Amino acid sequence: MKKSDLVSSSFWLTFSILVAGESYRLGLGNFRGPGPGFLPFVASLVLGILSLLLMVQAINRKGEEKEVQEAWSQRGNWEKIVYTLAALLLYLFLLEKLGFLFCTFLLVVFLLRVIETQRWPVVIVTAFLATIFCYILFQVWLKIQLPSGILGRYP
Amino acid sequence: MEALSGVLYGFSVALQPLNLLYCFFGVLIGTLVGVLPGLGPAAAIALLLPSTFHVSPVAATIMLAGIYYGAMYGGSTTSILVNIPGEAASVVTCLDGYKMAQQGRAGPALGIAAFASFIAGTFSIVALTFLSPVLANLALRFGPPEYFSLIVLGLTILAYLASGSMVKALMMAALGIILSSVGMDIISGSYRFTYGFLVLSDGLGLIPVVMGLFGLAEVFSNLEEKLGREIFEQKIKGLLPTCQDWKDAWGAITRGSLLGFFLGILPGGGAIIASFTSYAVEKKLSKHPEKFGSGVIEGVAGPEAANNAAAGGAFIPLLTLGIPANPVMAILLGGLMINGLQPGPLLIKQAPDLFWGVIASMYLGNVMLLILNLPLIGIWVKVLRIPYHILFPLIILFCLVSSYSLNNNMGDVTIMVFFGVVGYLMKKFGYEGAPLILALILGPMLEEALRQSLIISHGSFAVFFENPISAGLLVLAFSLLILPWITHRRPALPSDG
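Going down the list, the sequences are from chains A and B. Per my numbering, the very first residue in the first sequence carries number 1; after that it's consecutive. Per my numbering, the very first residue in the second sequence carries number 1; after that it's consecutive.
Simulated from the structure, these hints should not be mistaken for laboratory data. Heads up, a few of these hints could be off.
Cross-link-like lysine to any residue pairs, in silico, SDA-like; alpha carbons within 25 Å at most [as the list claims (entries may be wrong)]:
1. B:K382 / A:V122
2. A:K80 / A:T126
3. B:K428 / B:P444
4. B:K428 / B:E224
5. A:K97 / B:G196
6. B:K427 / B:L95
7. B:K428 / A:L28
8. A:K97 / B:G411
9. A:K143 / B:M337
10. A:K80 / B:I84
11. A:K80 / B:H389
12. A:K143 / B:L397
13. A:K2 / B:K428
14. B:K349 / B:A139
15. A:K143 / B:F25
16. A:K143 / A:T126
17. A:K143 / B:L394
Computed from a predicted structure; not experimentally measured.
Construct the complete structure from the given sequences, taking the supplied hints into account.
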């Protein structure tokens, strides 16, 4: 885990410095009356010190490169994750514009067809059932106002 | 006897038809969650929490609790039949359970798992019934310094027992505290780290974060790994263990129950650690330790007893101190607070119907689970055959809609997706989610206790050491931090996924 630990510890170190700076800006107060920035400042100090510790540990460690290779070598399917994530972001963007039923149906179709390459009949039926199931569960039964869109009154 | 009259009153609450129905829903969903890999109890409870907002807090808590201990039953089924743990607390059950199934003894393995779960579950509820009023009374004397030290100890224990690097676990706890400070500062009223985002002004919601870290992130990891599952194609027969089986398993069940219960109570402890410890103990005590891993019944009975006992024990710190022992309890705490209830020593007086009703429902729930998991095991084996490619769009969909339904806005959905990505990366880089979640919910309590203590003491940190309970807790936390550096070893545990 040497390389990945170096990467992650540098990230957290940078993050903790940013948080410490922002906390300082919020006002640390004093020990008699700690201000709003007090706890986040202390926590960011702890995070920063631990990141340094992790970094030192990683530098001192040797001969575990194989493990890293293994952890990152199964990246065969990483496209799936990127596509899924892109679909989710698009869903977030379109949900309130196009409405729940439409977007949800499309999302499930995408996930089943593009990510999992199912046959079309399976895709359509599953997407239809999943959408209706969620609609009945949340909108009808739990009375949650799902976003309606171009379909007007219907979500 | 406060406990006896309390639990009788509890049964009068839990036996109300609606509560009984929700208890049944809970254990049913729990078993389902346990059986289905890719969805653990923490994510499931977070997903279903919004759907309980329209029922009474008692019914809601009864159901959510049922999911938690129900998952402990269901998890063993997949471990034994498929060699894939349905949830993390059943990882060790795979070792001997699957071997037993391969040798044609799937029936007794499933049987002893269900019975051990039932015995240990019931034992821990009895202990919960009698211990919690006593502890609640004791906790009434806790002031801000004691609470501060207790929370510090809880986070330390969690890091100490963490599977991977202790440094990383502590880092996640610190990150959780930073994240918990997002939103309005209760004391000064100023906004922190909101940067103009309206959704952040009430703070980072626990539920969308849990759904992201334990729900969506899990889906991402599974998409990458490609789950291959081979279901054990054999008729399951003879679910009732024989006399010899009982003789072999009895000691393991007893020890597992006790061990699990005490590990469950520890803040930062829980079912996962309990099951691993029980397996290790049984192996050590056994007359034939070399046979462990080849299908011995003690290797199934002990851990299954331990994880169920721990599930019961975990309710004690939540109900009596208001401090969650693990992420699942943190979500339950969040749910209670949404309903305007503050778990803690006063809960038993302020909401006796909830306190005793939930405890009593757990007796009933365990009986239901025994029935669900023995005569009806066939149904769950069928559920196992649901392919993952049908399952994962549904999990994603539930994460989306459920987080939307929290406040009817897109903000929580965005937070959920964001933490889904964060959780996936955390997994990749070897960080655990549990300390982050616990610190996220404990953060505000920690901050309040710290700041109040300092105001009381006029800025002197001595207040934490002058008080004997607080000093003791802090010394304990400190020694846990130092111990691994001196001895260079720590109990090694696999990841809790």
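Hints, verified against the model:
| no. | hint | result |
| --- | --- | --- |
| 1 | B:K382 / A:V122 | holds, 19 Å |
| 2 | A:K80 / A:T126 | holds, 20 Å |
| 3 | B:K428 / B:P444 | violated, 29 Å |
| 4 | B:K428 / B:E224 | holds, 11 Å |
| 5 | A:K97 / B:G196 | holds, 23 Å |
| 6 | B:K427 / B:L95 | holds, 24 Å |
| 7 | B:K428 / A:L28 | violated, 35 Å |
| 8 | A:K97 / B:G411 | holds, 15 Å |
| 9 | A:K143 / B:M337 | holds, 22 Å |
| 10 | A:K80 / B:I84 | holds, 23 Å |
| 11 | A:K80 / B:H389 | holds, 12 Å |
| 12 | A:K143 / B:L397 | holds, 17 Å |
| 13 | A:K2 / B:K428 | holds, 13 Å |
| 14 | B:K349 / B:A139 | holds, 13 Å |
| 15 | A:K143 / B:F25 | holds, 19 Å |
| 16 | A:K143 / A:T126 | holds, 23 Å |
| 17 | A:K143 / B:L394 | holds, 20 Å |
Taken one by one, the earlier hints fail for this structure at numbers 3 and 7, listed in ascending order.
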